[in-house]
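Build out the structure end to end from the sequences listed, making use of the hints.
Residue numbers for the sequence shown follow my numbering, so the first one is 144 and each next one is one higher.
To be clear, the hints were calculated from the coordinates, so they are not data collected in a lab. Given the structure is predicted, the values throughout are model-derived calculations rather than measurements. Possibly wrong hints are sitting among the right ones.
Label pairs and their calculated CB-CB ranges [stated by the list, open to error]:
1) LEU212 - ASP187: 31 to 37 Å
2) ARG158 - PRO192: 15 to 21 Å
3) PHE255 - THR153: 35 to 41 Å
Beta carbons: idealized from backbone N, C-alpha and C, even for Gly.
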Amino acid sequence: SHTADASTATASTQRALWTMMFGNFLIGTGVLLPAGLLNDMSQDFAITPARAGLLSFVGGLVVGVGAPLLATLTSRLDRRLLLTLSLLLYCIGHLASALAPSFELQLWIRAFTIIGAAVFTPQLHDRLGRLHAGDDDREQRGRAVHTGDRPAERDPVLGRDLTVGDGEAMAFDQRIQAV
Numbered sequence: 144s145h146t147a148d149a150s151t152a153t154a155s156t157q158r159a160l161w162t163m164m165f166g167n168f169l170i171g172t173g174v175l176l177p178a179g180l181l182n183d184m185s186q187d188f189a190i191t192p193a194r195a196g197l198l199s200f201v202g203g204l205v206v207g208v209g210a211p212l213l214a215t216l217t218s219r220l221d222r223r224l225l226l227t228l229s230l231l232l233y234c235i236g237h238l239a240s241a242l243a244p245s246f247e248l249q250l251w252i253r254a255f256t257i258i259g260a261a262v263f264t265p266q267l268h269d270r271l272g273r274l275h276a277g278d279d280d281r282e283q284r285g286r287a288v289h290t291g292d293r294p295a296e297r298d299p300v301l302g303r304d305l306t307v308g309d310g311e312a313m314a315f316d317q318r319i320q321a322v
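Right, here's the structure in full:
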C-alpha cells in the first residue's frame, strides 16, 4: 500500500512537471514571438521595424515590473489555479493579438498578454521547487527549478519555426495563432 501510494505520487509529480515544462515552453515561445515577426508586422501595419520592436519593449517592461509586483499580490492564491489562469490569459491574449487590426491595439493586447507570463514564470519556479523538494531542501529546489527552465532554453530553437519566416508560408497573425 505504501509502495502504491509512493508510485502514484511519483506519477502525479511527473505529470505535473511535464505540464509545467510545456507551459514554460509556451510562455518562452510567446515572449520571443515579436522578434521573429518584426519585418512582417512592419509591412502589414505600414510601420518601421523599429516601431514594431516596441512589442518586445512593452513585453519586457510588463514582465520586469509586473512579475515581482504580481508575485506579491497573488501570494495567497492557490498556485495551481494561478498557473492555470495565467496560462489561459496568455493564450487568450495571443488569440486576440492575431485578430488585432492595428498596431496600437496590438501594443495594448501585448501588454495584457504578457501579464500571464509575468504571473506564470515566478509561480512555476516556486511550484517546481516545492513539488520536488518541499519547503526545506534548498539544493533540491534549485535543481527542480533548473529542470523547469530547460524548455525555456530550447524555445529559441524549437519555437523558431513558428515565429521566424518570410511570410509566404504563414502570415504573422497565423503564426501568433499557432503559438
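Each hint, compared with the structure:
For LEU212 and ASP187, the Cβ-Cβ distance of about 33 Å falls inside the hinted range of 31 to 37 Å, so the restraint holds. One distance hint, 15 to 21 Å for the beta-carbon pair ARG158 and PRO192, is violated here, with the actual separation near 42 Å. A beta carbon spacing of about 38 Å between PHE255 and THR153 agrees with the range 35 to 41 Å that was offered as a hint.
Checked against the numbered hints above, the structure violates only hint 2.
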